[in-house]
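Student: Dock chain Y against the given chain D, drawing on the hints supplied.
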Amino acid sequence: MTPEEFTALLDTYGADLTRWPHAHRRSAQRLLEVSEWARNAFADAQMLDSVLRIREPGLSDARRRRLTDSILDNLPDEPATRRVAREPEAAARRSDTGFGAAILRPLTPLWVACLSFGMIVGVILTLGHSPAPATEAAEAGWVEHLAVYGGL
Amino acid sequence: MDTLAETRQTAVTSEDITDEALMLRVQGGDKDAFRLLVGRHIDRIVGTSRRIVGAADAEDVAQDVFLRVWTARAQWAPGQARFRTWLYRVAVNRCIDHTRRARPASIDDVPEIEDDAPGPLDACERNEDANRLHSAMEHLSEQQRTAITLYYHESLTAAEVAEIMGLRLNAVESLLKRGRQKLRTVLK
Chain D
1355 MTPEEFTALL
1365 DTYGADLTRW
1375 PHAHRRSAQR
1385 LLEVSEWARN
1395 AFADAQMLDS
1405 VLRIREPGLS
1415 DARRRRLTDS
1425 ILDNLPDEPA
1435 TRRVAREPEA
1445 AARRSDTGFG
1455 AAILRPLTPL
1465 WVACLSFGMI
1475 VGVILTLGHS
1485 PAPATEAAEA
1495 GWVEHLAVYG
1505 GL
Chain Y
349 MDTLAETRQT
359 AVTSEDITDE
369 ALMLRVQGGD
379 KDAFRLLVGR
389 HIDRIVGTSR
399 RIVGAADAED
409 VAQDVFLRVW
419 TARAQWAPGQ
429 ARFRTWLYRV
439 AVNRCIDHTR
449 RARPASIDDV
459 PEIEDDAPGP
469 LDACERNEDA
479 NRLHSAMEHL
489 SEQQRTAITL
499 YYHESLTAAE
509 VAEIMGLRLN
519 AVESLLKRGR
529 QKLRTVLK
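Residue numbers (the working numbering), protein chains in the order written: chain D, 1355 to 1506; chain Y, 349 to 536.
Pulled out of the complex, with its shape left as it was, chain D reads as follows (with noise of 0.2 Å):
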């Protein structure tokens, strides 16, 4: 393992070893046994994951507690997926009161291939541009593809 494999394998997993993986685990210690340098820049390694892992303090009990109280008290009866689902005479109104519903709806199929067509494109367009952001510019447009994509 050259230096460089062992640096960049250090600022990608960090200084515990069990964490690489498990094909570079051997030589990486091979190479803490011989190098100072590389023991250096491992010791610098395990200072960073220290501060990295610095564990906060938790919500004292009555700070949970007020907060658990708060978001059990704001809970909407019932999920939002299922009333939508849920109402078919809703649904039956919507259909039958827009203008010119009775003239768009022998063409329904119509829509809906036109629908799905753009929805493959868009899925094949975006599985196209999602992988290995390689700048801040692109990092950016992951937020943006999360915001449309992330559904959650």
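Worth flagging that the hints you see were computed from the coordinates, not collected in a lab.
Mixed in with the good hints, there may be bad ones.
Pairwise CB distance ranges (calculated) [unchecked claim]:
1) Y:426 x D:1466: 27 to 35 Å
2) D:1357 x Y:487: 25 to 33 Å
3) Y:379 x D:1417: 18 to 26 Å
4) D:1416 x Y:365: 20 to 28 Å
5) Y:532 x D:1471: 43 to 51 Å
A few chain D residues facing chain Y, derived, Cβ under 7 Å [what the hints assert, rightly or not]:
6) 1366
7) 1401
8) 1402
9) 1407
10) 1408
11) 1413
12) 1418
13) 1422
14) 1425
15) 1426
16) 1427
17) 1429
What you are looking at is a predicted structure, and each value in this text was computed from that prediction instead of being measured.
Just so it is clear, CB atoms sit at the ideal spot from N, CA and C, and this is done for glycine as well.
Tutor: Below, chain Y without anything else, positioned relative to chain D:
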């Protein structure tokens, strides 16, 4: 189906019951089971939100996360994703929504982190380290911050982080690497 029905009908009495079993009850509308789930994970979600959106809004975001878990409970599929992974996915998406809406926060807006530790000096040092880390994390992109938080703070694997963020493994590895390099420079 009988087993599922029995699981849903049994009263929630024990902390030993798994998140997944609780979630099945939650899907049946059991608010006691939901209270237990919230109590189990609220600290973790507040902590994660604190690192991604900042301390000032972390509790609001955590509330939003659990309300979303309740309203979207039908979407969780047992066997498809562990509850914890699904919860983090909801949390990450809520954090992103929040940062898109929020104005940039001034450092003066960020409250000191509340600490219940007994020793005031120890508490002060821990707060100082935590605040230093928070300031450094602000130099990262939202995506890097999210990956670093899930990997180091929540001790998830890179593969789990990838699943939660909806990215490929190599994309997450790249985020971890670049985020850590930036933190190393900032914290020097």
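Student: Look at each hint and say if it fits the structure.
Tutor: Evaluation of the provided hints:
Checked against the hint of 27 to 35 Å, the pair residue 426 of chain Y and residue 1466 of chain D passes, with Cβ atoms roughly 32 Å apart. In this structure the hint that residue 1357 of chain D and residue 487 of chain Y lie 25 to 33 Å apart at CB holds, the actual value being about 26 Å. A hinted range of 18 to 26 Å for the beta carbons of residue 379 of chain Y and residue 1417 of chain D is consistent with their spacing of about 21 Å. For residue 1416 of chain D paired with residue 365 of chain Y, a C-beta distance near 25 Å keeps the hint of 20 to 28 Å intact.
Checking the proposed 43 to 51 Å range against residue 532 of chain Y and residue 1471 of chain D shows it holds: the Cβ atoms sit about 48 Å from each other. Proximity of residue 1366 of chain D to chain Y holds as hinted, the smallest CB-CB distance being about 4 Å (cut-off 7 Å). Checking residue 1401 of chain D against chain Y: minimum C-beta separation of about 9 Å lies over 7 Å; hint violated. At its closest, the beta carbon of residue 1402 of chain D sits 6 Å from a beta carbon of chain Y; the interface hint therefore holds under the 7 Å criterion.
Interface hint status for residue 1407 of chain D: upheld, as the beta-carbon distance to the closest one in chain Y is roughly 6 Å, under 7 Å. The beta carbon of residue 1408 of chain D is positioned within 7 Å of a beta carbon in chain Y (closest approach about 5 Å), and the interface hint is therefore held. A distance limit of 7 Å between C-beta atoms decides the matter here; for residue 1413 of chain D the minimum to chain Y is near 6 Å, and the interface restraint holds. Annotation: residue 1418 of chain D was flagged as interfacial toward chain Y, and the flag holds, the nearest CB pair being 6 Å apart, inside 7 Å.
Residue-level restraint check for residue 1422 of chain D holds (minimum Cβ-Cβ distance to chain Y is 5 Å; threshold 7 Å). At its closest, the beta carbon of residue 1425 of chain D sits 5 Å from a beta carbon of chain Y; the interface hint therefore holds under the 7 Å criterion. At a threshold of 7 Å, the smallest CB-CB gap from residue 1426 of chain D to chain Y is about 6 Å, leaving the interface hint in force. Annotation: residue 1427 of chain D was flagged as interfacial toward chain Y, and the flag is violated, the nearest CB pair being 10 Å apart, outside 7 Å.
The criterion of a C-beta within 7 Å of any C-beta in chain Y is met by residue 1429 of chain D, whose closest approach is roughly 5 Å, and the hint holds.
Hint compliance for this structure: hints 7, 16 are broken, all remaining hints hold.
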